[in-house]
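Participant: Sequence:
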Amino acid sequence: MAADAKAMDTEAAPRGFFARLRGADAPAAAAPIEMEEGDVFSRDKEKFIPLTRHALIDRLTAPNLWHGNDAAHCRRFFNYLQFWRSNSYTVRLADLEQTYEPFSPDSDLLITRAFTPEERSTMQHRLVADTRTILEQANYTAIDPTDIALIMTKESHYGLDLELDMKAFEEILIYYRGSSTRTASRRSKKKFYLKQEEFELPIFRRLFLLFKLKPIDVRAKEVMVEEHVSREEADKLVRKRRGMLPPQISDNYVYMKLFKNIPRADIEMIFPNTRIRFRMKDKLKFGVTAGGGVGMGVIGTATKIAAATTPIGMAGAVMALGGIAARQATSFLNQRNKYMVTMAQNLYFHALADNRGVLTLLADRAAEEDVKEEFLLYCMLAKTRCNVRDLEQIDHAIERWLKTSFEADANYDVDDALKRLIADGIVTQLPDGTLETLSPAAACERIDHIWDNFLNHLPGLHHEGHEADPDDEQLAKA
100 MAADAKAMDT EAAPRGFFAR LRGADAPAAA APIEMEEGDV FSRDKEKFIP LTRHALIDRL
160 TAPNLWHGND AAHCRRFFNY LQFWRSNSYT VRLADLEQTY EPFSPDSDLL ITRAFTPEER
220 STMQHRLVAD TRTILEQANY TAIDPTDIAL IMTKESHYGL DLELDMKAFE EILIYYRGSS
280 TRTASRRSKK KFYLKQEEFE LPIFRRLFLL FKLKPIDVRA KEVMVEEHVS REEADKLVRK
340 RRGMLPPQIS DNYVYMKLFK NIPRADIEMI FPNTRIRFRM KDKLKFGVTA GGGVGMGVIG
400 TATKIAAATT PIGMAGAVMA LGGIAARQAT SFLNQRNKYM VTMAQNLYFH ALADNRGVLT
460 LLADRAAEED VKEEFLLYCM LAKTRCNVRD LEQIDHAIER WLKTSFEADA NYDVDDALKR
520 LIADGIVTQL PDGTLETLSP AAACERIDHI WDNFLNHLPG LHHEGHEADP DDEQLAKA
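Each number in the working numbering corresponds to the 1-based position in the sequence shown with 99 added.
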């Protein structure tokens with residue numbers, strides 16, 4: 100074993116299984132990976148593996164890749180593993196849903212449990228932390244809410260100029276998965292806007308948002324300092340801005356939203372407090388038309404008033420001027436309403452899930468990402484004797500195989516997958532770093548065993564809150 104370890108230099112790692120997947124004649128026994136010169140793995144690649152677990156199972160359990168009945172046993176093990184992982188996340192989801200209970204805006208159940216402010220604070224922090232964890236397990240990538248340059252773009256893909264107050268939020272998480280492009284069309288400037296041209300539009304395949312508004316009194320104190328106004332004026336400003344939100348939105352709740360195929364230039368469109376501003380060209384258009392129309396109306400009205408010989412004639416001239424101003428105001432409001440309809444329509448077709456539904460979807464995706472990573476690593480470790488020193492090369496070999504086999508770029512997380520396989524007893528790390536892996540048949544038996552003992556190790560419920568009478572003040576506040 101020591102001789103085998105020495106035979107592997109620092110620039111090589113086992114590759115037998117994935118060599119056979121590529122159709123090479125390499126044996127299933129240990130063999131060094133030949134790292135290509137200049138092989139660079141970008142840090143900007145996402146951990147998300149854009150393949151279904153079924154596609155990986157079919158490819159990794161092909162009969163020609165395994166000896167005897169191992170291919171069938173491996174397929175059975177993968178099925179066991181995916182159900183086991185899904186069940187594990189079901190337990191985590193139940194725990195998360197209990198924590199979310201006092202913050203959910205969509206519950207159709209009777210509220211019978213009250214929480215003290217301290218308990219709500221503890222649960223709120225746990226909710227945000229656990230949601231962040233499950234997002235990262237689902238291979239979502241965080242967007243820093245303070246990155247204004249990314250979030251606040253000059254103009255959206257849909258032709259809207261949007262304004263957003265990020266300081267209004269007490270809690271905020273923004274995550275994406277699947278940074279990609281899609282083909283879109285627009286009127287070409289080069290062709291004087293007479294013909295359409297195609298272009299590549301950067302999008303987020305999935306975009307997640309969690310937010311909780313700050314209480315009005317907290318935000319009012321901040322506005323006093325930021326805008327140098329009195330407490331009364333600050334309170335009016337905050338209430339005026341909150342008045343633009345739908346009436347059902349409350350600072351008592353935590354909201355979660357999941358969207359699909361959102362243009363990167365439109366991130367601000369998903370926030371509840373986004374305000375629509377007129378673009379410069381619209382301001383110029385309104386300025387010219389309104390100024391010209393009202394200006395000519397004033398001149399015409401002045402002439403008519405000067406020429407009028409009766410009070411009725413003078414009143415008619417003034418009413419005509421009012422009609423011109425009303426038409427300009429109506430045009431202004433119509434354009435604003437057009438913008439709002441555009442934003443609402445596009446959000447409607449981008450929406451995937453809300454609140455508790457988001458948590459359910461994320462738990463399912465996290466389980467799927469976990470097993471995909473585990474399938475890939477297991478096939479390497481089960482077919483080739485490896486050492487922890489080889490993990491970096493194994494990581495790169497798997498990334499290269501995903502690229503050559505599926506044209507899929509991914510930043511494979513070998514450490515995370517190994518931790519889970521070790522925790523489940525599928526892989527054992529020996530004192531010298533050697534990774535011993537169960538055969539497919541033995542791995543099936545192992546999952547069967549831990550499944551049988553699963554109910555004996557369920558986590559307990561959280562103990563915050565208490566059953567309360569309908570007249571309880573804390574219950575009323577909830």
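Think of the hints as simulated: they come from the structure by calculation, not from any bench. Remember, predicted model here, so these are calculated numbers, not experimental data. Among these hints, one or two may not hold up.
Said to hold, decoys possible - Simulated crosslink set (EDC-like; lysine to aspartate or glutamate; CA at most 16 angstroms straight-line):
hint: 1; residue 1: K146; residue 2: E535
hint: 2; residue 1: K518; residue 2: E544
hint: 3; residue 1: K313; residue 2: E297
hint: 4; residue 1: K313; residue 2: D246
hint: 5; residue 1: K144; residue 2: E235
hint: 6; residue 1: K146; residue 2: E235
hint: 7; residue 1: K266; residue 2: E196
hint: 8; residue 1: K518; residue 2: E491
As the list claims (entries may be wrong) - Label-pair ranges, simulated between beta-carbon atoms:
hint: 9; residue 1: I549; residue 2: K339; range: 53 to 63 angstroms
hint: 10; residue 1: H153; residue 2: K320; range: 50 to 60 angstroms
hint: 11; residue 1: A161; residue 2: E544; range: 29 to 39 angstroms
hint: 12; residue 1: A193; residue 2: A241; range: 39 to 49 angstroms
hint: 13; residue 1: P345; residue 2: D207; range: 11 to 21 angstroms
hint: 14; residue 1: Q528; residue 2: D207; range: 40 to 50 angstroms
hint: 15; residue 1: H153; residue 2: L554; range: 21 to 31 angstroms
hint: 16; residue 1: S329; residue 2: T459; range: 39 to 49 angstroms
hint: 17; residue 1: L557; residue 2: D207; range: 43 to 53 angstroms
Beta carbons are placed, not taken as given, at the ideal position from N, Cα and C, and that holds for glycine.
Participant: Are the hints correct? Go through all of them and say.
Facilitator: Outcome of the hint check:
no. : hint                            : verdict
1   : K146 - E535                     : violated (26 angstroms)
2   : K518 - E544                     : violated (19 angstroms)
3   : K313 - E297                     : violated (42 angstroms)
4   : K313 - D246                     : violated (20 angstroms)
5   : K144 - E235                     : holds (14 angstroms)
6   : K146 - E235                     : holds (9 angstroms)
7   : K266 - E196                     : violated (27 angstroms)
8   : K518 - E491                     : holds (15 angstroms)
9   : I549 - K339: 53 to 63 angstroms : holds (57 angstroms)
10  : H153 - K320: 50 to 60 angstroms : holds (54 angstroms)
11  : A161 - E544: 29 to 39 angstroms : violated (23 angstroms)
12  : A193 - A241: 39 to 49 angstroms : violated (25 angstroms)
13  : P345 - D207: 11 to 21 angstroms : holds (18 angstroms)
14  : Q528 - D207: 40 to 50 angstroms : holds (49 angstroms)
15  : H153 - L554: 21 to 31 angstroms : holds (29 angstroms)
16  : S329 - T459: 39 to 49 angstroms : holds (46 angstroms)
17  : L557 - D207: 43 to 53 angstroms : violated (27 angstroms)
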